[in-house]
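The lines below spell out each chain.
Number of protein chains: 2
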Amino acid sequence: MLVKSTLEEFNQILGSSSPAPGGGSVAALSGALAANLVSMVCNLTIGKEEYKDSQALAKESLAKAQALASGLLARVDLDTQAFNGVMAAFKLPKSTEEEKLIRGEGIQAGYKEAVYSPLGIGMECLEVLRLARSLLGKFNTNALSDLGVAAQQALAGLEGGVMNVKINLPSIKDQEFTKEMRLKVAALLEEGRVLGNMVYQYVQENLG
Amino acid sequence: MLVKSTLEEFNQILGSSSPAPGGGSVAALSGALAANLVSMVCNLTIGKEEYKDSQALAKESLAKAQALASGLLARVDLDTQAFNGVMAAFKLPKSTEEEKLIRGEGIQAGYKEAVYSPLGIGMECLEVLRLARSLLGKFNTNALSDLGVAAQQALAGLEGGVMNVKINLPSIKDQEFTKEMRLKVAALLEEGRVLGNMVYQYVQENLG
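Protein chains in written order, with the numbering used here: chain H, 1 to 208; chain X, 1 to 208.
Don't read these hints as lab results, they were simulated from the structure.
Each hint can be trusted.
A pair counts as met if it fits within one copy or between any two copies, since identical chains are not told apart.
Here are the simulated lysine-lysine pairs, DSS-like style, with alpha carbons at most 30 angstroms apart:
| id | residue 1 | residue 2 |
| --- | --- | --- |
| 1 | Lys173 | Lys48 |
| 2 | Lys64 | Lys4 |
| 3 | Lys173 | Lys138 |
| 4 | Lys52 | Lys91 |
| 5 | Lys138 | Lys59 |
| 6 | Lys112 | Lys138 |
| 7 | Lys48 | Lys112 |
| 8 | Lys59 | Lys48 |
| 9 | Lys138 | Lys91 |
| 10 | Lys91 | Lys48 |
| 11 | Lys48 | Lys100 |
| 12 | Lys48 | Lys94 |
| 13 | Lys112 | Lys173 |
| 14 | Lys94 | Lys173 |
| 15 | Lys48 | Lys138 |
All figures in this text were calculated on a predicted structure; none of them were measured in a lab.
Construct the entire structure; sequences and hints are all you get.
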């Protein structure tokens, strides 16, 4: 499992000539880092008298951020598995007509999985952005830049997830599916950029 | 060392109530991931007949990307050390006038280090963006989304580095230093955003 590798090892595997892990797993990791920075911001707010009006929000947000972090971290491995699934389907036998049919269906199913996987990354990164946005004005300002970095990493993960959806769509024959996915990712990006910008502006105005 | 921790462990430490590692180390990791994605893109281009005109560029870019990846990964630990340096200075004794003077100088030196550290992250992330930009039209297009994710992560690392510079500037008394740093980070951001946008547009146009 990739999540059991050290930062050094993961970086080394990433930079190698193997196409997986690639951008999809990095997008998932970026989202997990963002969610954990939100967790840290909540942890630094909980129990502080100065932020007594934010205690319920900080605790609730911490639980949400931890769940998102856990899900996104799991996606580091899942996305690489989805990519490998497509590669495995391409290696299926294709001597007979029946084999060709099965292989073709396997490839199509593999590509759909390779779209659902980064779509999930994008959706969870958007949740992290919603969470970061909901904390504005209600968190420990010592962690101002941490919340700012969280939003940047979540948005980068969202953009990365969407790119990984889009690169696989031209290989999918089911036009209804591809049309639906294009609409979905456009909506994700639109909301994510607005939220990312709101957090960014808040952080810039308060950085001094 | 943080780079010897697993992705799971690093994420757990990040999300805890300890303020370090925080956004600075995440920005450095984001840059390292970006540089390694560029390495992968180069590795997937090297030795491919289809990209025979790009072989020299790919090999040269691979060496540059590997050096940047290594430097940025080291900065994951260095940035946390810089933050801890400020915290340590605050804990120096302050009973006598001499102690107060020494403590004050220690704090100022600590803050300057806590500015140089993320500034270095930002500068190296900008180098990754320059490298990604230089590969446009000259790399294995199977890795199109990987180069796109690399640029997003490098830009997020750059933005994160700059936020971590800015949050420490109000604590620094040396006005010449703070003025110089503000000019430096503004220039970094300006170039980084232009380069990030160039890579992004190229990827979008070719994703299909």
